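*Asks:* Numbering (UniProt numbering), first residue to last: 1 to 349.
Do not take every clue at face value.
To be verified - Pairs of lysine-lysine residues, derived as PhoX-like cross-links and limited to a Cα-Cα distance of at most 20 Å, are as follows:
no. : residue 1 : residue 2
1   : K305      : K270
2   : K274      : K323
3   : K321      : K270
4   : K3        : K73
5   : K73       : K168
6   : K176      : K160
7   : K176      : K92
8   : K296      : K340
9   : K168      : K138
10  : K176      : K274
Unchecked claim - Label-pair restraints from in silico Cβ distances:
no. : residue 1 : residue 2 : range
11  : N128      : D221      : 34 to 42 Å
12  : V325      : N23       : 55 to 63 Å
13  : I255      : D53       : 35 to 43 Å
14  : K90       : N260      : 38 to 46 Å
15  : F311      : N128      : 19 to 27 Å
16  : A206      : N134      : 34 to 42 Å
17  : D309      : K90       : 20 to 28 Å
18  : D87       : T334      : 43 to 51 Å
19  : G263      : S22       : 19 to 27 Å
20  : V328      : A206      : 31 to 39 Å
Simulated from the structure, these hints should not be mistaken for laboratory data. The structure displayed is predicted, hence computed values, not measured ones. By construction, the Cβ of each residue, glycine as well, lies at the ideal position given by its N, Cα and C atoms.
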Amino acid sequence: MRKVTYRNIHNFFKFNGVHFDSNGLRVAAYYLIKEGNEYEKSIGDFLLDWFDDNPYIDLQTSGTTGTPKIIRKNKQALVNSALATGDFFKLKPGDTALCCLPVQFIAGKMMLVRSFILGLEIDFVAPNTNPLENVNKKYDFVAMVPLQVQNSLNELHKVKKLIIGGAKMANSLENKLLNVSTKVYETYGMTETITHIAAKKIGERAFSILPNVSISQNENDCLVIDAPQLSEERLFTNDLVQIINDNQFVLLGRIDNVVNSGGVKLIPEKIEEKLADAIAARFFVGGIPDADLGEKLVLVIEGEKQVLDDFIFTVLDKYEKPKAVFFVPEFEITESGKIKRKAILKALE
(Lines of atoms letter the chains of each structure in order from A; the text may use other names.)
(Lines give C-alpha, C1' and ligand atoms only; values in the text may rest on other atoms or scores of the structure.)
Protein backbone atom coordinates (compact mmCIF):
# COMPACT_ATOMS: atom_id res chain seq x y z
CA MET A 1 0.00 0.00 0.00
CA ARG A 2 1.44 3.40 -1.01
CA LYS A 3 2.39 5.58 1.94
CA VAL A 4 0.35 8.74 2.34
CA THR A 5 2.69 11.75 2.36
CA TYR A 6 2.32 15.51 2.65
CA ARG A 7 2.50 15.76 -1.13
CA ASN A 8 -0.80 13.88 -1.50
CA ILE A 9 -4.13 15.57 -2.19
CA HIS A 10 -7.04 13.15 -1.86
CA ASN A 11 -9.22 13.11 -4.99
CA PHE A 12 -12.34 13.63 -2.84
CA PHE A 13 -10.94 16.83 -1.31
CA LYS A 14 -12.92 20.02 -1.86
CA PHE A 15 -12.19 23.55 -0.69
CA ASN A 16 -15.33 25.71 -0.34
CA GLY A 17 -17.14 23.36 -2.72
CA VAL A 18 -14.43 23.18 -5.43
CA HIS A 19 -12.00 20.36 -6.28
CA PHE A 20 -8.34 21.46 -6.23
CA ASP A 21 -4.99 19.83 -6.86
CA SER A 22 -1.81 21.24 -5.32
CA ASN A 23 -1.20 23.65 -8.21
CA GLY A 24 -4.76 24.92 -8.03
CA LEU A 25 -4.41 25.47 -4.29
CA ARG A 26 -1.27 27.54 -4.84
CA VAL A 27 -3.20 29.78 -7.22
CA ALA A 28 -6.09 30.01 -4.72
CA ALA A 29 -3.58 30.88 -1.99
CA TYR A 30 -2.27 33.90 -3.91
CA TYR A 31 -5.82 35.10 -4.44
CA LEU A 32 -6.69 34.70 -0.75
CA ILE A 33 -3.57 36.62 0.31
CA LYS A 34 -4.20 39.44 -2.17
CA GLU A 35 -8.01 39.73 -2.05
CA GLY A 36 -9.15 37.92 1.09
CA ASN A 37 -10.16 38.96 4.58
CA GLU A 38 -7.64 38.64 7.41
CA TYR A 39 -8.62 35.06 8.23
CA GLU A 40 -8.48 34.12 4.53
CA LYS A 41 -4.97 35.57 4.21
CA SER A 42 -3.86 33.17 6.97
CA ILE A 43 -5.31 30.30 4.94
CA GLY A 44 -3.40 31.48 1.87
CA ASP A 45 -0.15 31.76 3.82
CA PHE A 46 -0.53 28.23 5.14
CA LEU A 47 -1.31 26.78 1.71
CA LEU A 48 1.87 28.31 0.28
CA ASP A 49 3.90 27.01 3.22
CA TRP A 50 2.41 23.52 2.89
CA PHE A 51 3.09 23.19 -0.82
CA ASP A 52 6.58 24.69 -0.87
CA ASP A 53 9.70 22.53 -1.27
CA ASN A 54 10.46 22.25 2.44
CA PRO A 55 9.65 18.98 4.28
CA TYR A 56 8.93 20.94 7.46
CA ILE A 57 6.61 23.69 8.61
CA ASP A 58 6.90 26.26 11.43
CA LEU A 59 4.09 26.39 14.00
CA GLN A 60 3.29 28.99 16.63
CA THR A 61 2.37 27.84 20.14
CA SER A 62 -0.55 29.52 21.90
CA GLY A 63 1.46 30.87 24.83
CA THR A 64 -1.01 29.64 27.44
CA THR A 65 1.66 28.52 29.89
CA GLY A 66 4.56 30.65 28.74
CA THR A 67 5.85 32.94 26.03
CA PRO A 68 4.51 32.02 22.57
CA LYS A 69 7.22 30.42 20.47
CA ILE A 70 7.81 28.94 17.04
CA ILE A 71 8.44 25.20 16.76
CA ARG A 72 9.42 23.32 13.61
CA LYS A 73 7.63 20.09 12.66
CA ASN A 74 8.00 17.71 9.73
CA LYS A 75 4.99 17.93 7.45
CA GLN A 76 4.77 14.13 7.54
CA ALA A 77 4.04 14.36 11.28
CA LEU A 78 0.97 16.51 10.51
CA VAL A 79 -0.12 13.89 7.97
CA ASN A 80 0.29 11.15 10.58
CA SER A 81 -1.83 13.17 13.01
CA ALA A 82 -4.55 13.57 10.37
CA LEU A 83 -4.59 9.82 9.70
CA ALA A 84 -4.89 9.05 13.44
CA THR A 85 -7.79 11.50 13.76
CA GLY A 86 -9.50 9.90 10.78
CA ASP A 87 -9.19 6.45 12.35
CA PHE A 88 -10.33 7.53 15.81
CA PHE A 89 -13.37 9.53 14.70
CA LYS A 90 -14.18 7.25 11.73
CA LEU A 91 -13.98 10.02 9.13
CA LYS A 92 -14.30 8.93 5.51
CA PRO A 93 -13.72 10.49 2.07
CA GLY A 94 -16.51 12.83 1.10
CA ASP A 95 -17.40 13.78 4.69
CA THR A 96 -18.05 17.49 5.10
CA ALA A 97 -16.03 19.64 7.48
CA LEU A 98 -16.23 23.23 8.66
CA CYS A 99 -13.20 25.22 9.78
CA CYS A 100 -14.12 28.07 12.12
CA LEU A 101 -10.73 28.30 13.87
CA PRO A 102 -7.89 30.72 13.02
CA VAL A 103 -5.48 29.05 10.62
CA GLN A 104 -2.45 30.84 12.05
CA PHE A 105 -2.59 28.28 14.89
CA ILE A 106 -2.23 24.50 14.71
CA ALA A 107 -5.92 23.61 15.27
CA GLY A 108 -7.00 25.54 12.19
CA LYS A 109 -4.06 24.28 10.11
CA MET A 110 -4.92 20.69 10.96
CA MET A 111 -8.50 21.05 9.73
CA LEU A 112 -6.99 21.76 6.30
CA VAL A 113 -4.43 18.95 6.51
CA ARG A 114 -7.11 16.44 7.52
CA SER A 115 -9.13 17.53 4.52
CA PHE A 116 -6.20 17.12 2.07
CA ILE A 117 -5.29 13.71 3.45
CA LEU A 118 -8.68 12.18 4.30
CA GLY A 119 -10.62 13.60 1.37
CA LEU A 120 -12.95 15.88 3.30
CA GLU A 121 -15.06 18.62 1.72
CA ILE A 122 -14.10 21.61 3.84
CA ASP A 123 -15.72 25.03 4.07
CA PHE A 124 -14.39 28.07 5.92
CA VAL A 125 -16.10 30.76 7.94
CA ALA A 126 -14.62 33.63 9.93
CA PRO A 127 -13.26 32.38 13.29
CA ASN A 128 -15.67 34.37 15.46
CA THR A 129 -17.50 33.50 18.68
CA ASN A 130 -20.71 32.34 16.93
CA PRO A 131 -19.48 30.50 13.84
CA LEU A 132 -22.66 28.52 13.03
CA GLU A 133 -24.97 31.54 13.11
CA ASN A 134 -25.09 32.05 9.33
CA VAL A 135 -24.36 28.45 8.30
CA ASN A 136 -27.15 26.87 6.23
CA LYS A 137 -25.94 23.28 5.81
CA LYS A 138 -25.02 20.33 8.00
CA TYR A 139 -21.45 19.19 8.59
CA ASP A 140 -20.03 15.81 9.52
CA PHE A 141 -17.01 17.15 11.41
CA VAL A 142 -16.30 20.48 13.14
CA ALA A 143 -13.73 21.65 15.71
CA MET A 144 -14.38 24.53 18.13
CA VAL A 145 -13.13 26.12 21.32
CA PRO A 146 -15.52 26.14 24.32
CA LEU A 147 -16.57 29.76 23.89
CA GLN A 148 -17.73 29.06 20.34
CA VAL A 149 -19.66 26.01 21.53
CA GLN A 150 -21.34 27.98 24.32
CA ASN A 151 -22.57 30.52 21.78
CA SER A 152 -23.66 27.84 19.29
CA LEU A 153 -25.81 25.58 21.49
CA ASN A 154 -28.96 26.35 19.49
CA GLU A 155 -27.15 25.64 16.20
CA LEU A 156 -25.41 22.36 17.03
CA HIS A 157 -28.00 20.35 15.13
CA LYS A 158 -25.99 21.42 12.07
CA VAL A 159 -23.04 19.30 13.26
CA LYS A 160 -22.80 15.48 13.45
CA LYS A 161 -19.42 15.18 15.20
CA LEU A 162 -17.91 18.03 17.20
CA ILE A 163 -14.49 18.11 18.84
CA ILE A 164 -13.74 20.72 21.49
CA GLY A 165 -10.27 21.81 22.54
CA GLY A 166 -8.02 24.78 23.15
CA ALA A 167 -9.31 25.54 26.65
CA LYS A 168 -10.87 23.81 29.63
CA MET A 169 -14.60 23.31 29.29
CA ALA A 170 -16.88 24.40 32.14
CA ASN A 171 -18.98 21.72 33.83
CA SER A 172 -22.10 23.74 33.09
CA LEU A 173 -21.36 23.62 29.34
CA GLU A 174 -20.59 19.91 29.47
CA ASN A 175 -23.94 19.26 31.17
CA LYS A 176 -25.77 21.16 28.43
CA LEU A 177 -24.00 19.12 25.76
CA LEU A 178 -25.30 15.87 27.25
CA ASN A 179 -28.70 16.75 25.78
CA VAL A 180 -27.73 17.52 22.17
CA SER A 181 -28.01 15.13 19.22
CA THR A 182 -24.44 15.92 18.11
CA LYS A 183 -21.68 13.46 19.03
CA VAL A 184 -19.42 15.68 21.12
CA TYR A 185 -15.85 14.96 22.20
CA GLU A 186 -13.45 16.86 24.44
CA THR A 187 -9.89 16.59 23.19
CA TYR A 188 -6.47 16.68 24.85
CA GLY A 189 -3.35 17.92 23.13
CA MET A 190 -1.06 20.83 22.36
CA THR A 191 0.91 22.33 19.48
CA GLU A 192 3.84 20.01 20.24
CA THR A 193 1.59 16.95 19.75
CA ILE A 194 0.02 18.50 16.62
CA THR A 195 -3.37 19.00 18.32
CA HIS A 196 -5.08 16.11 20.06
CA ILE A 197 -3.49 12.82 21.08
CA ALA A 198 -6.53 11.80 23.16
CA ALA A 199 -10.27 12.42 23.34
CA LYS A 200 -13.29 11.53 25.43
CA LYS A 201 -17.02 11.65 24.82
CA ILE A 202 -18.91 14.25 26.79
CA GLY A 203 -19.97 12.72 30.09
CA GLU A 204 -17.06 10.28 30.24
CA ARG A 205 -14.30 10.70 32.83
CA ALA A 206 -11.26 9.26 31.06
CA PHE A 207 -9.54 10.30 27.86
CA SER A 208 -8.73 7.54 25.34
CA ILE A 209 -5.52 7.88 23.34
CA LEU A 210 -5.35 7.96 19.54
CA PRO A 211 -3.50 5.32 17.48
CA ASN A 212 0.31 5.13 17.73
CA VAL A 213 0.49 6.98 21.06
CA SER A 214 1.83 5.62 24.37
CA ILE A 215 1.45 7.24 27.80
CA SER A 216 3.21 7.06 31.16
CA GLN A 217 3.90 9.26 34.20
CA ASN A 218 7.02 10.90 35.57
CA GLU A 219 8.01 11.10 39.24
CA ASN A 220 5.62 14.05 39.75
CA ASP A 221 2.62 12.09 38.36
CA CYS A 222 2.59 14.24 35.22
CA LEU A 223 1.72 12.80 31.83
CA VAL A 224 4.55 11.68 29.54
CA ILE A 225 3.69 11.16 25.87
CA ASP A 226 5.50 8.90 23.42
CA ALA A 227 4.22 9.56 19.92
CA PRO A 228 7.09 8.83 17.51
CA GLN A 229 4.94 9.52 14.44
CA LEU A 230 4.20 13.02 15.75
CA SER A 231 7.33 13.99 17.66
CA GLU A 232 10.89 12.70 17.58
CA GLU A 233 11.21 13.50 21.27
CA ARG A 234 9.34 12.16 24.29
CA LEU A 235 7.03 14.93 25.55
CA PHE A 236 6.97 15.73 29.26
CA THR A 237 3.85 17.67 30.19
CA ASN A 238 2.82 19.63 33.29
CA ASP A 239 -0.53 17.84 33.42
CA LEU A 240 -1.25 15.78 36.53
CA VAL A 241 -3.02 12.58 35.53
CA GLN A 242 -4.34 9.30 36.83
CA ILE A 243 -3.53 6.53 34.37
CA ILE A 244 -6.36 3.99 34.15
CA ASN A 245 -4.73 1.58 31.70
CA ASP A 246 -2.41 1.65 28.68
CA ASN A 247 -5.01 3.52 26.64
CA GLN A 248 -6.83 5.79 29.11
CA PHE A 249 -6.06 8.52 31.61
CA VAL A 250 -7.95 11.01 33.77
CA LEU A 251 -6.78 14.63 33.70
CA LEU A 252 -6.55 16.03 37.24
CA GLY A 253 -5.02 19.47 36.69
CA ARG A 254 -1.74 21.25 35.96
CA ILE A 255 1.20 20.93 38.30
CA ASP A 256 2.03 24.62 37.77
CA ASN A 257 -1.44 25.51 39.10
CA VAL A 258 -1.00 23.48 42.30
CA VAL A 259 -1.25 25.64 45.44
CA ASN A 260 1.01 24.75 48.39
CA SER A 261 -0.85 26.29 51.31
CA GLY A 262 0.80 25.66 54.66
CA GLY A 263 2.29 22.41 53.36
CA VAL A 264 -1.02 21.14 51.93
CA LYS A 265 -0.97 20.69 48.15
CA LEU A 266 -4.25 21.67 46.52
CA ILE A 267 -5.25 21.03 42.90
CA PRO A 268 -7.35 24.02 41.73
CA GLU A 269 -9.08 22.11 38.94
CA LYS A 270 -10.49 19.55 41.40
CA ILE A 271 -11.85 22.34 43.61
CA GLU A 272 -13.33 24.12 40.60
CA GLU A 273 -15.13 20.95 39.60
CA LYS A 274 -16.81 20.81 43.01
CA LEU A 275 -17.89 24.47 42.81
CA ALA A 276 -19.01 24.37 39.18
CA ASP A 277 -22.74 23.98 39.85
CA ALA A 278 -22.83 26.69 42.51
CA ILE A 279 -21.25 29.60 40.62
CA ALA A 280 -22.91 30.79 37.42
CA ALA A 281 -20.15 33.14 36.24
CA ARG A 282 -16.72 32.16 34.97
CA PHE A 283 -14.32 31.57 37.85
CA PHE A 284 -11.15 29.82 38.93
CA VAL A 285 -9.18 29.19 42.11
CA GLY A 286 -5.47 29.74 42.55
CA GLY A 287 -2.77 30.79 44.95
CA ILE A 288 -1.30 34.16 45.88
CA PRO A 289 1.62 34.79 48.26
CA ASP A 290 0.85 34.74 51.99
CA ALA A 291 3.21 35.54 54.89
CA ASP A 292 1.94 32.70 57.08
CA LEU A 293 0.93 29.97 54.64
CA GLY A 294 3.42 30.61 51.83
CA GLU A 295 0.46 30.62 49.45
CA LYS A 296 -3.20 31.10 50.21
CA LEU A 297 -6.01 29.71 48.14
CA VAL A 298 -8.30 32.32 46.58
CA LEU A 299 -11.44 32.23 44.46
CA VAL A 300 -11.54 34.62 41.48
CA ILE A 301 -14.92 35.31 39.84
CA GLU A 302 -15.59 37.26 36.65
CA GLY A 303 -18.12 40.06 37.01
CA GLU A 304 -19.37 42.63 39.46
CA LYS A 305 -18.85 42.17 43.19
CA GLN A 306 -21.60 40.24 44.95
CA VAL A 307 -22.30 38.51 48.25
CA LEU A 308 -21.68 34.78 48.16
CA ASP A 309 -23.63 32.38 50.35
CA ASP A 310 -21.12 30.50 52.49
CA PHE A 311 -23.22 27.39 51.88
CA ILE A 312 -21.64 26.90 48.44
CA PHE A 313 -18.37 25.94 50.12
CA THR A 314 -19.87 23.00 52.04
CA VAL A 315 -18.98 20.69 49.12
CA LEU A 316 -15.28 21.37 49.77
CA ASP A 317 -12.89 19.63 52.12
CA LYS A 318 -11.45 21.55 55.06
CA TYR A 319 -8.34 22.84 53.30
CA GLU A 320 -10.07 23.46 49.96
CA LYS A 321 -12.14 26.43 51.11
CA PRO A 322 -10.74 29.68 49.65
CA LYS A 323 -9.26 32.15 52.12
CA ALA A 324 -10.46 35.11 50.03
CA VAL A 325 -12.78 35.89 47.12
CA PHE A 326 -11.95 38.42 44.39
CA PHE A 327 -14.12 39.78 41.60
CA VAL A 328 -12.58 40.81 38.28
CA PRO A 329 -14.78 42.71 35.77
CA GLU A 330 -13.48 40.74 32.78
CA PHE A 331 -10.98 37.88 32.58
CA GLU A 332 -7.93 38.23 30.39
CA ILE A 333 -7.87 35.31 27.94
CA THR A 334 -5.66 33.88 25.22
CA GLU A 335 -6.68 33.79 21.56
CA SER A 336 -7.91 30.22 22.05
CA GLY A 337 -10.13 31.27 24.97
CA LYS A 338 -8.02 30.05 27.89
CA ILE A 339 -8.12 32.16 31.05
CA LYS A 340 -4.74 33.73 31.83
CA ARG A 341 -4.70 32.56 35.43
CA LYS A 342 -1.15 33.56 36.26
CA ALA A 343 -1.52 37.11 34.95
CA ILE A 344 -4.81 37.64 36.80
CA LEU A 345 -3.45 36.25 40.07
CA LYS A 346 -0.30 38.37 39.77
CA ALA A 347 -2.45 41.50 39.52
CA LEU A 348 -4.25 40.49 42.73
CA GLU A 349 -1.10 40.13 44.86
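*Asks:* Decide if the proposed pair is consistent with the structure: K176 and K160, CA atoms, cutoff 20 Å inclusive.
*Replies:* holds (16 Å)
*Asks:* For the pair we were handed, K296 and K340, check the Cα-Cα distance against 20 Å.
*Replies:* holds (19 Å)
*Asks:* Holds or violated: K73 with K168, Cα cutoff 20 Å?
*Replies:* Roughly 25 Å between the alpha carbons, so the hint for K73 and K168 is violated.
*Asks:* Starting from the hint 31 to 39 Å, judge whether the C-beta atoms of V328 and A206 obey it.
*Replies:* holds (33 Å)
*Asks:* Confirm or reject the claim that F311 and N128 have a C-beta distance inside 19 to 27 Å.
*Replies:* violated (39 Å)
*Asks:* Assuming the hint says 34 to 42 Å, is it satisfied by the Cβ distance from A206 to N134 or not?
*Replies:* Roughly 37 Å apart at Cβ, these two residues keep to the hinted range, so it holds.
*Asks:* Hint check: K168 vs K138, CA-CA at most 20 Å. Holds or violated?
*Replies:* violated (26 Å)
*Asks:* Do the Cβ positions of I255 and D53 conform to the proposed distance bound of 35 to 43 Å?
*Replies:* holds (41 Å)
*Asks:* Looking only at beta-carbon atoms, does the pair D87, T334 fall within the given range of 43 to 51 Å?
*Replies:* For D87 and T334 the Cβ distance comes to about 30 Å; the hint is violated.
*Asks:* Decide if the proposed pair is consistent with the structure: K321 and K270, CA atoms, cutoff 20 Å inclusive.
*Replies:* Holds: K321 and K270 sit about 12 Å apart, inside 20 Å.
*Asks:* Verify the proposed pairing of K176 with K92, using a straight-line Cα cut of 20 Å.
*Replies:* violated (28 Å)
*Asks:* Assess, step by step, whether the Cα of K274 is no farther than 20 Å from the Cα of K323, and give holds or violated.
*Replies:* Satisfied, since the Cα-Cα distance of roughly 16 Å is no more than 20 Å.
Hints 1, 5, 7, 9, 15, 17, 18 and 19 from the earlier list are contradicted by this structure; the remaining hints agree with it.
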